[in-house]
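So the sequences go chain by chain: A and B.
Here the first sequence is numbered in this note's numbering, starting from 1 and rising by one per residue.
Here the second sequence is numbered in this note's numbering, starting from 1 and rising by one per residue.
Derived from the structure by calculation, the hints contain no laboratory data.
Please note that a few of the clues may not be correct.
For identical chains, the list gives no copy identity; a pair is met inside one copy or between any two copies.
What the hints assert, rightly or not - Here are the simulated DSS-like cross-link-like pairs (lysine-lysine), alpha carbons at most 30 Å apart as the crow flies: (1) 83 <-> 150; (2) 149 <-> 23; (3) 83 <-> 23; (4) 150 <-> 23.
There are 2 protein chains.
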Amino acid sequence: MSEPRWLSPAEQRAWRTHLAVHKLLMHRLDRELHAHSLSLNDYEILVNLSESPGRRMRMSELADVTIQSRSRLSHQISRMEAKGLVVREDCRDDRRGTYAVLTDEGWETIQRVAPHHVRGVREHFVDRLTDDQLDALVSAYTPIIEHLKKLR
Amino acid sequence: MSEPRWLSPAEQRAWRTHLAVHKLLMHRLDRELHAHSLSLNDYEILVNLSESPGRRMRMSELADVTIQSRSRLSHQISRMEAKGLVVREDCRDDRRGTYAVLTDEGWETIQRVAPHHVRGVREHFVDRLTDDQLDALVSAYTPIIEHLKKLR
Chain A
1 MSEPRWLSPA
11 EQRAWRTHLA
21 VHKLLMHRLD
31 RELHAHSLSL
41 NDYEILVNLS
51 ESPGRRMRMS
61 ELADVTIQSR
71 SRLSHQISRM
81 EAKGLVVRED
91 CRDDRRGTYA
101 VLTDEGWETI
111 QRVAPHHVRG
121 VREHFVDRLT
131 DDQLDALVSA
141 YTPIIEHLKK
151 LR
Chain B
1 MSEPRWLSPA
11 EQRAWRTHLA
21 VHKLLMHRLD
31 RELHAHSLSL
41 NDYEILVNLS
51 ESPGRRMRMS
61 ELADVTIQSR
71 SRLSHQISRM
81 EAKGLVVRED
91 CRDDRRGTYA
101 VLTDEGWETI
111 QRVAPHHVRG
121 VREHFVDRLT
131 DDQLDALVSA
141 YTPIIEHLKK
151 LR
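The following block holds chain A by itself, in its conformation from the complex (with noise of 0.2 Å):
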């Protein structure tokens, strides 16, 4: 293999900035969930299946999404079942399929947790960035992620 391309130092503050907001901004959100007794990819999960016709998505799909695999989502649902704020159940016209539901339970959660997650987003990210700001993440980053998910 031929010496490789080391990052030039604006290269590297760039990727070394980029990997210290996201871990910064998911450590503290993360912490503001615990308040409510909750973390992250609880909140992720309670999002997308409360956006989902019927509140239910079959977990290949939900794992698809949530950029994870079967057996991690599998144990993730697990935890959430046991504190009450999803179900399984077996889908009818599939045999091998398994949603998993959101319960009454669950969506007070989300409708009552929403709100400080969402003051939060604003306080440590949104409101920290101009509109122009906003539009360029976007530019910059869908590209990325269209090259990305071809390589899933």
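Please build the complex by placing chain B on the supplied structure of chain A, with the hints as guidance.
The following block gives chain B in isolation, referenced to the frame of chain A:
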């Protein structure tokens, strides 16, 4: 609590784009590192130790720079010890302290894997952004990093 200011469609798009690019990117880079029997978490520890004097860091400092709890880092280091990449050593000048120290095998591993990893970082991120976009990223996110560090 008053009604929160929900995210506008543009804000929501930016926020979800930020989350998606990071998740897909980490997923991809982690997967590429698996070909070298490392995780992205392993890699981050190896980089930090390899750049430190004596190729060692106090566990408390390592937890701090990698933004994770002491207990989570401790599990991580135990897994890496089992792979022969690091060892723990007591600090001579501080009975309460423990160092994580890179082994020769850990050093050789990071030297061997870094060229592959930097190719991935370029292919999936850095080379897909212009110099201006990289600079804009640093300008936009540095104040957020400063803000979040103050809250820790």
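Tested hints:
Proximity of residue 83 to residue 150 under the C-alpha cut-off of 30 Å is found in neither arrangement, the shortest distances being 36 Å within a copy and 33 Å between copies. For the identical chains of this complex, residue 149 and residue 23 are neighbours both inside a copy (22 Å) and across copies (11 Å), given an alpha-carbon limit of 30 Å. Taking the shortest alpha-carbon separations for residue 83 and residue 23, both the intra-copy value of 26 Å and the inter-copy value of 26 Å come in at or below 30 Å. Taking identical chains as interchangeable, the C-alpha atoms of residue 150 and residue 23 lie at most 30 Å apart whether they share a chain (25 Å) or sit on different chains (14 Å).
Going down the numbered hints, you'll see the structure goes against just number 1.
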